[in-house]
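Build the full structure now, drawing on both the sequences and the hints.
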Amino acid sequence: MRKLIAAVAGLALVAGGVAFVGGTRTATAQGGGTIEAEVKYNGAPQVEKLKVNKDVEKCGNEAIIEKVVVGANKGLANAVVSVPEAKGAPTAKKITIDQHGCKFVPHVSAMTPGEVDLKNSDDILHNIHTYSTANPSINKAQPKFKKVMAEKFEKPEMIKLTCDVHSWMLGWVAVMPNPYFGVTDANGVTKIENVPPGKYKVEVWHETLGKQTKDVEVKAGQTAKVAFEMKK
Amino acid sequence: MLRRFARVLSRCSLSGTSHPRPVWGTPGSSQRASTAPPAPRGDFSSPLWSTVVPALIVFSGLAVFAPSLAFAQAGDANAGKVLYERKCAGCHGVKGDGKGPAAELLRPAPRDFTSGIYKIRSTGNKIPTDKDIFEVLTYGMPGTSMPPWSVLPEKDRWNLVAYVKTFAADKFKEAPKKLDLPKEVASSDASIKRGKEMFEAIECNKCHGADGRADGPSRPELKDEWGHPIAPANLTKRWTFRGGASRQDIATRLGSGILGTPMPSFIDSVEKPEDIWHLTNYIASLGPEKPSYSTLLTVRAVTDAIPDDPNAEFWRKIPAQNIPLMGQVIMDPRNFNPAIDLVSMRAAYNDKEIAFQLTWDDPTQSQPDGKEIYPDVVALQFPPSVGTGTERPYFLMGDASDAVYQLRWEGGKGPLEVTANGPAKVTVLSGSEVTGKGVFQNGQYRVVIKRPLASKDASRISFQPGVFTPVAFQAWDGGAGETGPKMSLTSWYYLRLEEPQSNRRFVVPPVVALLTLAAMVLVVRVSRGRR
Chain A
26 MRKLIAAVAG LALVAGGVAF VGGTRTATAQ GGGTIEAEVK YNGAPQVEKL KVNKDVEKCG
86 NEAIIEKVVV GANKGLANAV VSVPEAKGAP TAKKITIDQH GCKFVPHVSA MTPGEVDLKN
146 SDDILHNIHT YSTANPSINK AQPKFKKVMA EKFEKPEMIK LTCDVHSWML GWVAVMPNPY
206 FGVTDANGVT KIENVPPGKY KVEVWHETLG KQTKDVEVKA GQTAKVAFEM KK
Chain H
90 MLRRFARVLS RCSLSGTSHP RPVWGTPGSS QRASTAPPAP RGDFSSPLWS TVVPALIVFS
150 GLAVFAPSLA FAQAGDANAG KVLYERKCAG CHGVKGDGKG PAAELLRPAP RDFTSGIYKI
210 RSTGNKIPTD KDIFEVLTYG MPGTSMPPWS VLPEKDRWNL VAYVKTFAAD KFKEAPKKLD
270 LPKEVASSDA SIKRGKEMFE AIECNKCHGA DGRADGPSRP ELKDEWGHPI APANLTKRWT
330 FRGGASRQDI ATRLGSGILG TPMPSFIDSV EKPEDIWHLT NYIASLGPEK PSYSTLLTVR
390 AVTDAIPDDP NAEFWRKIPA QNIPLMGQVI MDPRNFNPAI DLVSMRAAYN DKEIAFQLTW
450 DDPTQSQPDG KEIYPDVVAL QFPPSVGTGT ERPYFLMGDA SDAVYQLRWE GGKGPLEVTA
510 NGPAKVTVLS GSEVTGKGVF QNGQYRVVIK RPLASKDASR ISFQPGVFTP VAFQAWDGGA
570 GETGPKMSLT SWYYLRLEEP QSNRRFVVPP VVALLTLAAM VLVVRVSRGR R
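Taken in sequence, the protein lines are chains A and H. Note that the first sequence ends on residue 257 in our numbering; no numbers are left out. Note that the second sequence ends on residue 620 in our numbering; no numbers are left out.
Simulated from the structure, these hints should not be mistaken for lab results. These numbers come from a predicted model, not from an experiment. One thing to keep in mind: the hints can contain errors.
[Stated by the list, open to error] Below, simulated DSSO-like cross-link-like pairs (lysine-lysine); rule was C-alpha separation at most 30 Å, straight line: (1) 92/A - 312/H; (2) 184/H - 185/A; (3) 361/H - 79/A; (4) 257/A - 76/A; (5) 172/A - 262/H; (6) 361/H - 119/A; (7) 260/H - 188/H; (8) 165/A - 502/H; (9) 285/H - 361/H; (10) 526/H - 79/A; (11) 79/A - 282/H; (12) 526/H - 171/A; (13) 171/A - 224/A; (14) 272/H - 76/A; (15) 441/H - 406/H; (16) 285/H - 79/A; (17) 172/A - 285/H; (18) 502/H - 79/A; (19) 285/H - 83/A; (20) 119/A - 188/H; (21) 188/H - 172/A; (22) 83/A - 282/H; (23) 169/A - 272/H; (24) 177/A - 260/H; (25) 76/A - 180/A; (26) 185/A - 188/H; (27) 118/A - 250/A; (28) 185/A - 112/A; (29) 169/A - 185/A; (30) 250/A - 83/A; (31) 282/H - 185/A; (32) 83/A - 165/A; (33) 272/H - 184/H; (34) 79/A - 272/H; (35) 266/H - 312/H; (36) 272/H - 165/A; (37) 171/A - 282/H; (38) 83/A - 180/A.
Put into structure tokens, the structure is as follows:
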């Protein structure tokens, strides 16, 4: 009985927390469920190394290009998990992508349509050169004195970020139609919370390994687990 | 006769309104003048004459300003299609995808119009104006295979603009947005200085190099939108700028960037808006708008010793003579995209030696690996002896019957003397008396090759003042994979060693003048005496 009370109380607390966090977002998010996705990759990590011939004091002597990052338990990092069919208004949250150590940090970001702050904390010239189809592609210089540039990505799609000055620099921004997405951590895990109850196709996308979808049913207050295994 | 001459003169002055002075010429040579309608003979007061003159002036004025009158016109895409398939599809492809039959040989590759990506825009967004496309069509793209199409009637060019846009009709649904350039800042020492500071602060050198010679550290990594390697512009050679060499052109490129290439937009990425113009003024100060090329090459006569060091003060005092080089496309392997397009020569001789200082731009100092990278080489080619006739060996390094003699400088080896019977048969001459030195700095080679004036044997030329000596140039950028027949070259030029200047010119004329005066006085005296 005590356990039950504790569980109910815990649940109420979680629900309250969820309501608090998601309160300003949408009404539909209330009473939503959670999707816990685990993405695995049954292969070796793909890492390329390049000798750096400039800006070594900022970039280091060797650029490491991580095309596939595999963590413990074969977990695949940097995969974007999303629920494209779910209905939900975009969040007002502005994300920040930093150019630090001649890398885009984070390597993969996800956002709903809106503004993004592009930081240059390297004190050297970078140029933000995006490859996109739905959004206008950008190629803007960001010299050392230009610490932050605000850009808008208004249409959902996967946008590639590059820098022509440092050709190894690569980043991705997933612009999503709704706020139900997550990027897998080093263990290949991500949680999507407050998903309105219903049956959905959950999609996973990885820059090198492509896409996969799985069916999942989200019930209010419950966690639906979904597991993906990406192949070459 | 006088009348006829006056008529020609008056016609010349009418047709040549762009010249401040009338063009003097014989009736036969004055082609432009002869196209003017015949003027009434001698009668300058006739009413016809008084109407023809202002009309002609207005007409020729219009012709001069015609380019600026080219207001955007709505072209007819259907008419453009017919012309496109005849004139443009060879490179750009019938489908406009940049995959015409000739595309394979062209670097940079012909534009894929289906992408809707246009390099040269005067706009602040991705969409070029019709006039932007019209101007690229009219003036071509310097430094690429895209020629100027000003030969086509203006209407045809507008029709082509309309048709080319249909390949990416979706992109052109968006309207061009005006690029807001700051107010123009005239060039001055202060502006150029500020421009240099900004050039360094925004790190233009990363791609374009510290001196602007396209040798920046990011150069080998640069790729265009389609993944093809792409070279940054050599800022000292403005005439190769794709979108034009004027200050307005440069400021516009800085402002809007060059789409589909690594060149980003700087409109919001300078410290103060007017820095765009300071940068422009600095870039414009790096080189002339147009190159000046020499046809007859002169070797200066000097009395002092000639230094081997190409950076010596000595060489600064001698005028540079520019020679354009072309890719070798006569024999395999052909070089359709030569890396070296210009060699600059300074030359001097004294009573014992002759020396050539050659400079040319090369983004890398080759470290040969024998597979893809070869030594950087420059060659001055001469016939083994200067004959009396006009006959010279085959300019492409001679042939089996007639050899050529070359003074060379090769990276890693230094100065050499060689004899060649064609590119496949090159022999290094032994017992060479050639000295010299080469330096490489910020994307430029400077090399001195020095040799005794007199020849040692029959395979080496002997240099003599006042003689027109055939000379040709060849250059290899080993870093771009150039070796053997894959080179840049010229056909034969003429080299002339200045007559040595002696003090006699200060002595002989006064002596002659004095003697003449004496003779005259004598004649006068004698004739008076006879009276």
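Do the hints match the structure? See the list:
For the given pair, residue 92/A sits about 19 Å from residue 312/H by alpha-carbon distance, which is consistent with the 30 Å threshold. Distance restraint check for residue 184/H and residue 185/A: the Cα-Cα separation of roughly 28 Å lies within the 30 Å cut-off, and the hinted pair is therefore satisfied. A threshold of 30 Å between alpha carbons decides the hint, and for residue 361/H with residue 79/A the separation of about 27 Å falls inside it, so the pair holds. The suggested pairing of residue 257/A with residue 76/A holds, with an alpha-carbon distance near 27 Å, which does not exceed 30 Å.
Restraint check for residue 172/A and residue 262/H: the C-alpha separation of about 34 Å exceeds 30 Å, so the hint is violated. Proximity of residue 361/H to residue 119/A is assessed by CA-CA distance (about 27 Å); at most 30 Å being required, the pair is judged to hold. A threshold of 30 Å between alpha carbons decides the hint, and for residue 260/H with residue 188/H the separation of about 20 Å falls inside it, so the pair holds. At most 30 Å may separate the alpha-carbon atoms for a hinted pair to count; residue 165/A and residue 502/H exceed this at roughly 44 Å.
Simply put, residue 285/H and residue 361/H have alpha-carbon atoms about 14 Å apart, close enough for the 30 Å limit, and the pair holds. At roughly 29 Å between alpha-carbon atoms, residue 526/H and residue 79/A fall within 30 Å of each other, so this suggested pair holds. The hinted pair formed by residue 79/A and residue 282/H meets the criterion: a straight-line CA distance of about 25 Å does not exceed 30 Å. Between residue 526/H and residue 171/A the CA atoms are separated by roughly 44 Å; this puts the pair beyond 30 Å, and the hint is violated.
Between residue 171/A and residue 224/A the CA atoms are separated by roughly 46 Å; this puts the pair beyond 30 Å, and the hint is violated. At most 30 Å may separate the alpha-carbon atoms for a hinted pair to count; residue 272/H and residue 76/A exceed this at roughly 43 Å. Between residue 441/H and residue 406/H the CA atoms are separated by roughly 20 Å; this keeps the pair inside 30 Å, and the hint holds. Of the pairs offered as hints, the one joining residue 285/H and residue 79/A holds, with about 21 Å between alpha carbons and a cut-off of 30 Å not exceeded.
Of the supplied pair hints, the one linking residue 172/A and residue 285/H holds, its CA atoms being roughly 21 Å apart against a limit of 30 Å. Using a Cα cut-off of 30 Å, the hinted pair residue 502/H and residue 79/A holds, with the two alpha carbons roughly 29 Å apart. Under the criterion of a C-alpha separation no larger than 30 Å, the hint pairing residue 285/H with residue 83/A is consistent with the structure, at around 24 Å. Taken as a hint, the residue 119/A and residue 188/H pair is broken in the structure, with Cα atoms around 42 Å apart against an allowance of 30 Å.
Using a Cα cut-off of 30 Å, the hinted pair residue 188/H and residue 172/A is violated, with the two alpha carbons roughly 41 Å apart. Between residue 83/A and residue 282/H the CA atoms are separated by roughly 28 Å; this keeps the pair inside 30 Å, and the hint holds. Between residue 169/A and residue 272/H the alpha-carbon distance is near 25 Å, which keeps this suggested pair within the 30 Å criterion. For the hint pairing residue 177/A with residue 260/H, the CA-to-CA distance comes to about 19 Å; that is within 30 Å, so the pair holds.
Between residue 76/A and residue 180/A the alpha-carbon distance is near 36 Å, which puts this suggested pair outside the 30 Å criterion. Taking the CA atoms of residue 185/A and residue 188/H, the gap is near 26 Å; set against the 30 Å cutoff, the hint holds. At roughly 26 Å between alpha-carbon atoms, residue 118/A and residue 250/A fall within 30 Å of each other, so this suggested pair holds. As the CA atoms of residue 185/A and residue 112/A are separated by approximately 25 Å, the hinted pair is consistent with the 30 Å bound.
Proximity of residue 169/A to residue 185/A is assessed by CA-CA distance (about 22 Å); at most 30 Å being required, the pair is judged to hold. For the given pair, residue 250/A sits about 41 Å from residue 83/A by alpha-carbon distance, which is inconsistent with the 30 Å threshold. Restraint check for residue 282/H and residue 185/A: the C-alpha separation of about 37 Å exceeds 30 Å, so the hint is violated. Taking the CA atoms of residue 83/A and residue 165/A, the gap is near 20 Å; set against the 30 Å cutoff, the hint holds.
The straight-line distance between the Cα atoms of residue 272/H and residue 184/H is roughly 41 Å, outside the 30 Å bound, and the hint therefore fails. In summary, the hint linking residue 79/A to residue 272/H is not supported, as the alpha carbons are separated by about 35 Å, beyond the 30 Å threshold. Our distance criterion of 30 Å between C-alpha atoms is met by residue 266/H and residue 312/H, whose separation comes to about 27 Å. Of the pairs offered as hints, the one joining residue 272/H and residue 165/A holds, with about 21 Å between alpha carbons and a cut-off of 30 Å not exceeded.
Note on residue 171/A and residue 282/H: the hinted pairing holds, with a Cα-Cα distance of about 21 Å set against a maximum of 30 Å. Between residue 83/A and residue 180/A the alpha-carbon distance is near 33 Å, which puts this suggested pair outside the 30 Å criterion.
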